[in-house]
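With the hints as extra help, turn the sequences into a complete structure.
Protein chains in written order, with the numbering used here: chain A, 5 to 706; chain B, 5 to 706.
Just to be clear, a hint being listed does not mean it is correct.
As the list makes no split between identical chains, a pair holds if one copy fits it or if it spans any two.
[Said to hold, decoys possible] Cut-off 16 Å, straight-line C-alpha distance, at most; resulting in silico cross-link-like pairs (EDC-like, lysine to aspartate or glutamate):
#1 347 to 113
#2 44 to 336
#3 339 to 702
#4 179 to 419
#5 347 to 109
#6 639 to 614
#7 534 to 55
These are computed hints drawn from the structure, not numbers from a lab.
Number of protein chains: 2
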Amino acid sequence: MQDSLKPFFSPDGVAIIGASSKTNKLSYGILRNLTLYGYKGAIYPVNPGSEEILGKKCYPDIRSVPDPVDLAVIVLPANLVLEAVINCAKRGIKAITLISGGFKELGTEGEELEKQLISIIRKNDMRMVGPNCVGTMSLHNGLNTTFISGIPDIGGIGFLSQSGAVLGGIVDLVKGKGVGFAHFSSLGNEADVTETDMIDYLGNDPQTTVIAAYVEQIQDGTSFIKTAKKVSETKPIVLLKAGKTSAGARAVSSHTGSLAGLHSAYQAAFIQSGVIEVQSVNDLFDVSQAFALQHLPKGRRVVILTNSGGPAALASDSLATNGLIMADLSNETTKELRNYLNKSAQVNNPVDMLGGAEALDFENAMKVVIDDPNVDIIVAILVPQSLVNPVEVAHSIYKIANLTEKTVIACFMGDQLVAEPRRVLHANHVPMFVYPESVGNVLGAMLRYANWKSSYEEIKPITENINYEMTRRIFTKYRAEMSLGEALTRPILESYGISVIKGEIAKSAQEAAIVAQKIGFPVALKIISKDILHKSDVGGIRLNIFDTEQVLDGFQIMMADIHNLMPHTEIDGVIVEKMAPKGQEVIVGMRRDPGFGPVIMFGLGGIYVELFKDVAFRVAPISKNDAMDIVFSTKAGTLLRGFRGAKESDIESVVDILMRLSQLSCDFPEISEIEINPLLVLPKGEGSIALDGRVILDSSFL
Amino acid sequence: MQDSLKPFFSPDGVAIIGASSKTNKLSYGILRNLTLYGYKGAIYPVNPGSEEILGKKCYPDIRSVPDPVDLAVIVLPANLVLEAVINCAKRGIKAITLISGGFKELGTEGEELEKQLISIIRKNDMRMVGPNCVGTMSLHNGLNTTFISGIPDIGGIGFLSQSGAVLGGIVDLVKGKGVGFAHFSSLGNEADVTETDMIDYLGNDPQTTVIAAYVEQIQDGTSFIKTAKKVSETKPIVLLKAGKTSAGARAVSSHTGSLAGLHSAYQAAFIQSGVIEVQSVNDLFDVSQAFALQHLPKGRRVVILTNSGGPAALASDSLATNGLIMADLSNETTKELRNYLNKSAQVNNPVDMLGGAEALDFENAMKVVIDDPNVDIIVAILVPQSLVNPVEVAHSIYKIANLTEKTVIACFMGDQLVAEPRRVLHANHVPMFVYPESVGNVLGAMLRYANWKSSYEEIKPITENINYEMTRRIFTKYRAEMSLGEALTRPILESYGISVIKGEIAKSAQEAAIVAQKIGFPVALKIISKDILHKSDVGGIRLNIFDTEQVLDGFQIMMADIHNLMPHTEIDGVIVEKMAPKGQEVIVGMRRDPGFGPVIMFGLGGIYVELFKDVAFRVAPISKNDAMDIVFSTKAGTLLRGFRGAKESDIESVVDILMRLSQLSCDFPEISEIEINPLLVLPKGEGSIALDGRVILDSSFL
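Next up, the structure:
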């Protein structure tokens, strides 16, 4: 709960520290906006040089401002800010919106100043939005502490943005289009209030029905996921992430690392926590508006009613690429449509009522399709025609839409001709878009959220068949190592209930022969040495050994080869391993992301994981659904299900291993990376076996 | 050349047959539009029931209309159209725009009527646009034979659409935004004039500098490719295709067929012929406008100048996903930028001049970057801020843009606030978009076209090492077969210079042994029987045979096995084949598309071709560049180049085989499908060998 953020949207009184009477100053713009949109609370300009600004009495300093005042908006040069905040603290003001720039964004000096600021804020139990931001708006009570010209319409969208400059453009893009907002907030440097705090606050705010966010960076991924999950249970979070392709990927030493670029962690976090990621500014508001106005879809079967075949075809394409399908209309429906519509109309899906279709045609067709049990979603498309009144069509659409709990959206192609119909539709809970391509993007987003909600489950820690103590002992003993090879990774995996190919360490040829006889032929020999990274490159792997003699020979040759190639290598022995049975090779692993913590990875084994980037990620801890999601969102999952007549593999065991890996990663923060490569997945019912693995430790835990 | 289409855009006089004086009739709307936008030619309403409409003298029939008149727009009920067209023919009118519906789109009866219509049109050397269309517009001379309200601005875009209803929406979307059109045409049922005719005409039209097209279907793919290629050499064609995901893929019997869904042929045709396919209505006009106004990019290095970091980040994402890269600014550039700009500005790329950046900052920064040799493209981004005049910024941008031959585009985020700056920029040759995501889409499209132009080459038939006659004889002999197996496909491929794994047919065990000794061990045996589709399923393949005895044994066992499983199978012998060396397996093939003809296919071998759909297509005949394009646009191509330290494979030989397959497909239209699967690609310099192949014949050639 973030009750402390309430004054940023519903303050009892607002002081503008640094208010100017010069009309070309930002602070003047803020004061004007505060007076312009119906805000009922007290407004106090603070400026020692003025008596009055915009008809408001001006105060020389914040201490002289009378009650009530619980928000101070500061618009001063950076070097005057600290004193102003201290005075606010003394005056008992708990909420600061710091518009001024000149802090962390300008380098070391500014960063120092920002730190001092934060320490005052924290010491005095205050909250601060900014610095380097453009303020907040609350559309329901007319609060506007920005200097942006114009405001959007009133509605249910709570918007937060890590870019301030972008807000002016966004307001201009959405205003007058019936896209309704509850709150608007610019977060600036997030010195105190972060995107997560704001999501938490809006999650509990009754005026906000959907949260829209523009995000560039999330500092505390763990708390973001926790908050976003909680909020997503009751309202959707629609998010546009910038910087997806930025070359921010760290150089790393293993497959897992090299594939888990930064955005993969963000993406995983969004998917897991129900956050609906969109790909464009346009989609951000189209999707948010749809959530704000319409019912969630109860299925993915769509019917299109249209007066023009072209846009219906484009919309169908976009539906298909977004996971929706065209509904198979019932015979009754097509028969009834035939009765109602022009005899030339196409009564299959898309239902094309032709260019002359009027409001009554839309109304009749909608009436019929909302009752078809094969239909979950209705899309009404209109291209304005000279003899049809689009406003009347809009009335027909919402009239029927309001009779059903099925999802109804509209696409009216155009600009000026569709402005009034859009206002009518939006005012009556039917979202409308101008491009047919938006239809699929919007419904796809709604469907993803509906699916997340219905499949959401609590994550329970795994305890069965886990020996925490044993693993703890290994880490304690080997904490000085950078990297644990197969021999040490083996008992770690086994302690966490992950099967490893049968094998034991042997220090001599004779020991190797004894082990081989014990575990049964055929076996493989693998060198153990922390100096050797790629065993096969130095002759450190021998496969398909069928008898004792071959074991003895193989051991000698391996030692000789390695001694020749790397004379000073320290060798700890060999692992004698059972040769693996047939199965499907996959790779599972974990890399710890600086922001989100342990990221679990699954993908196709061999060179294909890199060639096709066929991998999926989730942030640990993961639920069983998350684990299944990872598997099935890859082509590796398709293979495991039994592709082209192949037998189904033991997917259940892969899911179990992913969850155990997640548990292991959460239990031991000193693990920086784990990789099981390959994990051999056997036929259904027979489990999976780790054939090789390694662990990389975080040296900062030393 | 399509001079016969000139009257649809520049008629000397227009008759409206079926003109009505009732204001709620479409024909009234057309007449009004004709009089409204400055068309200077004569306008003749034709209607026996009126004396005069809209101040124009009305004629009882077309024969009484005086000269000059060379276009008749017909708006009559379908049953009166035939007679009207006959009268037009008698009157010597060569161009008909048939607005009326009621033809092919309504089924058999309408189709019959349309056929009669066409026969009259053809017999009299007339041309017809429609039926079932909304007419044409020519913005430069004010001709408007549509009933759409409003017209777009004047410019260089020639637009054609297979959907008429969509035009009203499009006009409303683009009008008043400085997106300039030369011509607008709706094609309806394309009974006579097709999209290809129109592209041909606009390709030669001096007012048209870029062609934009909305297309649902192309009937004659071969002539489309030929025309589009020719036109693309001088002006870009930007195309939006609807129905990409439609379940129109035919059931087919081989890998090639099952993957070459309909849209893959379209896509291939577009790529080869320089047609720039876009994915949305918005992109269609953004991209067309950019082509109309700006220079083609000379490279892919982009610099962004912005007053807001957020949109610059979003634009960078979209640039990266569209194949562009951020320019590495020279030291001189950053030094100069530092001199000119605010000391807090970020002078690396993106150059962030911060929220306060004014027109002069944009002007100075642009001046600096246009001279940087590391920069090919300049993107200026502005989010309107309260203290900055966006129109002044627009003036600064085009002023500098007009001094350089580098590509310059602008993104001004907003709606009402950016309307005037957009008009200013568009009027001065700088395209402007409102969403940062459009930046990458537009520049990516421009780059693709520039690359196509610079790599375009004439296709020359291949003759070297091709024995047409030998192949002809095989087809003549086996024309009654549906499908030619490996044994018959072998000599066909060899005749076209494609190496096949060494092997010969043997009818008995003894013959097989002799062949094996001749070609050298190890060998494989493969059954020959037209009854057996999957050889390995019935024991019809034996590999790794090392000596004569194994050949004799293997032959006997194979015959026995097959006899047991399929007692009545007719067996033609075995192929004794050299065992293949090591190499990379790929698949190459051809499937004949009903619209586009032979489609050449290349992809990864094995199950991966289906799992990852890692295939690429081009329509034959293909050039060497086309063949290289196919290879390098797949992951299979990445593998062949030598992935993860592997040796490079003989890509040259794959390119050669693709071109030979193209030649074969063009030479023998009776081939319905060919598949070489696998084609074994050996290390660089060692060639490629077909290991198995088959040909399916088109039974209609019997």
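Hints and how they fare:
Proximity of residue 347 to residue 113 under the C-alpha cut-off of 16 Å is restricted to the inter-copy arrangement: shortest distance 14 Å between copies versus 76 Å within a copy. For the identical chains of this complex, residue 44 and residue 336 are neighbours neither inside a copy (56 Å) nor across copies (55 Å), given an alpha-carbon limit of 16 Å. When the C-alpha separation of residue 339 and residue 702 is checked against a cutoff of 16 Å, the pair qualifies neither within a copy, at 68 Å, nor between copies, at 41 Å. Proximity of residue 179 and residue 419 under a CA criterion of 16 Å is satisfied in both settings, with 14 Å inside one chain copy and 9 Å between copies.
In the homo-oligomer, the alpha carbons of residue 347 and residue 109 lie at most 16 Å apart only across protomers (12 Å), although the nearest pairing inside one protomer, at 66 Å, exceeds that limit. In the homo-oligomer, the alpha carbons of residue 639 and residue 614 lie at most 16 Å apart both inside one protomer (13 Å) and across protomers (10 Å), since each shortest distance falls under that limit. Neither within a single protomer nor between protomers do residue 534 and residue 55 lie at most 16 Å apart by alpha-carbon distance, with minima of 77 Å and 102 Å respectively.
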